[in-house]
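Take these sequences, add in the hints, and give me the full structure.
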Amino acid sequence: MSKYSHLTIGVLATQGDFQRHQYQLELVGARSQLVKLPHHLDNIEGLILPGGESTTMNIMIDRFKLREPLTQFCRLKPVYGTCAGMIMLARKIEDNQAGVKTLGIIDIDVVRTGYGRQLHSFEDRIEADLGNGPESIAAAFIRAPRVTRIGKAVETVVEYKNSPVLVKQEKAMAGAFHAELDDDTRLLEYFLSNNLF
Amino acid sequence: MINFNDKQHKVKVGLAEMLKGGVIMDVTTAEQAKIAEDAGACAVMALERVPSDIRAQGGVARMADPDKIEEIKQIVTIPVMAKCRIGHFAEAQVLEALEVDFIDESEVLTPADEKYHVHKWPFKVPFVCGCRNLGEALRRISEGAAMIRTKGEAGTGDISEAIRHLREIGSAMKALTIMSEEELYGVAKENRVSIEFVRMVAKTGKLPVPNFAAGGIATPADASICMQLGAEAVFVGSGIFESSNPQHVAKAIVSATTHYNDASIVANASRGLGDPMKGIQVSSIPEEEILHTR
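Protein chains in written order, with my numbering: chain A, 1 to 197; chain B, 1 to 294.
Treat the hints as calculated values from the structure; they're not laboratory data. There may be inaccurate statements among the hints.
Unchecked claim - Facing chain A, according to a computed beta carbon distance under 7 angstroms, are these residues of chain B, among others:
| hint | residue |
| --- | --- |
| 1 | HIS9 |
| 2 | VAL11 |
| 3 | GLY21 |
Backbone N, C-alpha and C define an ideal beta-carbon position, used for all residues, glycine too.
Printed below as a string of structure tokens:
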């Protein structure tokens, strides 16, 4: 029995790398539920908003009537957003060309593809203190968003080159990068053990 | 040398991961790109002509004009892909310089090199390549492709070739996982790929890069069948802008791709779409005009 086997975590699956998150949940022994329709939110304890295209997620959230229930869920339960998921959890997108309506759960502003287009995507090590002293984690920044403003209630968990890249506010957590592309589950476990499930 | 743990390769495959569950649409103008984005496309492919027009008009098909690509990059926030001719590494270099997000080394354009594909490892921008079977898939991945897609038969609106290619790859993958060491050697030899790579794929039971469907997808049900047969996202070429109602068809194919395993949603998406692209049956095309054998 894993210490997470009592948890069922939803993964928003309108589009994006939801399979990677689902795979990591499997690795740590938690159950998962893909969320594509409102009733998929019914029996889950937490939610992951994956990477992908926030423009597409935004459209599909409205098209399948997820906006209201998703916002309610994110206000009450633990959520973790990566890349596009961070954009969706943010309060505001600067220069919001595609008119993406964010869920406004974490008091940060972001710029989409703030580190540049794919040619400038990169992987680097970040230094994170997840409660056991500093650890080095491989972080992939893929057309990643850049945080440009951070509210008083928001805690910066990890900073990289003078920008917050992993932030927390109450039960919500968001990262600009991907840690789910390989089998390293430390950040997922940090989310699962620190968010008051 | 093949190194799937290379950081640059990881972020290339990473972008392919981010496109999963989505639809990549061929567009030839900024206006079409906007329609695609508003319908929910997760990326667009910037082209001079859609495959059905290339087929109808003939002539040499080449990389798109940089101005066209720039114009499309300006109008959308989603990734922009573009095609280069098979083996034409200078076109690929140009596309990288233009900072397109993905390069499709495509059989839809007139092949530039009869013998070699582009050596894709040194590029910082990821490549997608078409394939008909496991051997082609393994060769393209060995050359550095970060995503593979079925070739299907582009510009026809006939899904049969894409289905054949998905099934071929699916069956061959299954067979690989139960093969003995000498059989794996046979696969490596027959397909001209390294035994280490074949062993790795056999052991994990899956390809090390995402596998998308392309070539002939024209309806929501076409997208659904490809996803159900193991494709992880779909490319739609002529199917959208050759139909009588592109906005509707684009939206419907996106809905059917996300909800591919929910037949009632696919059914709703299929309603009242107007005339789909007329299309052409693959079996009626003369052999020299077939694209997937390129």
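Hint check results:
1. HIS9: 10 angstroms, violated
2. VAL11: Constraint on VAL11 of chain B satisfied, holds at 4 angstroms.
3. GLY21: Interface hint status for GLY21 of chain B: holds (5 angstroms vs cutoff 7 angstroms).
Violated hint for the displayed structure: number 1, the only one.
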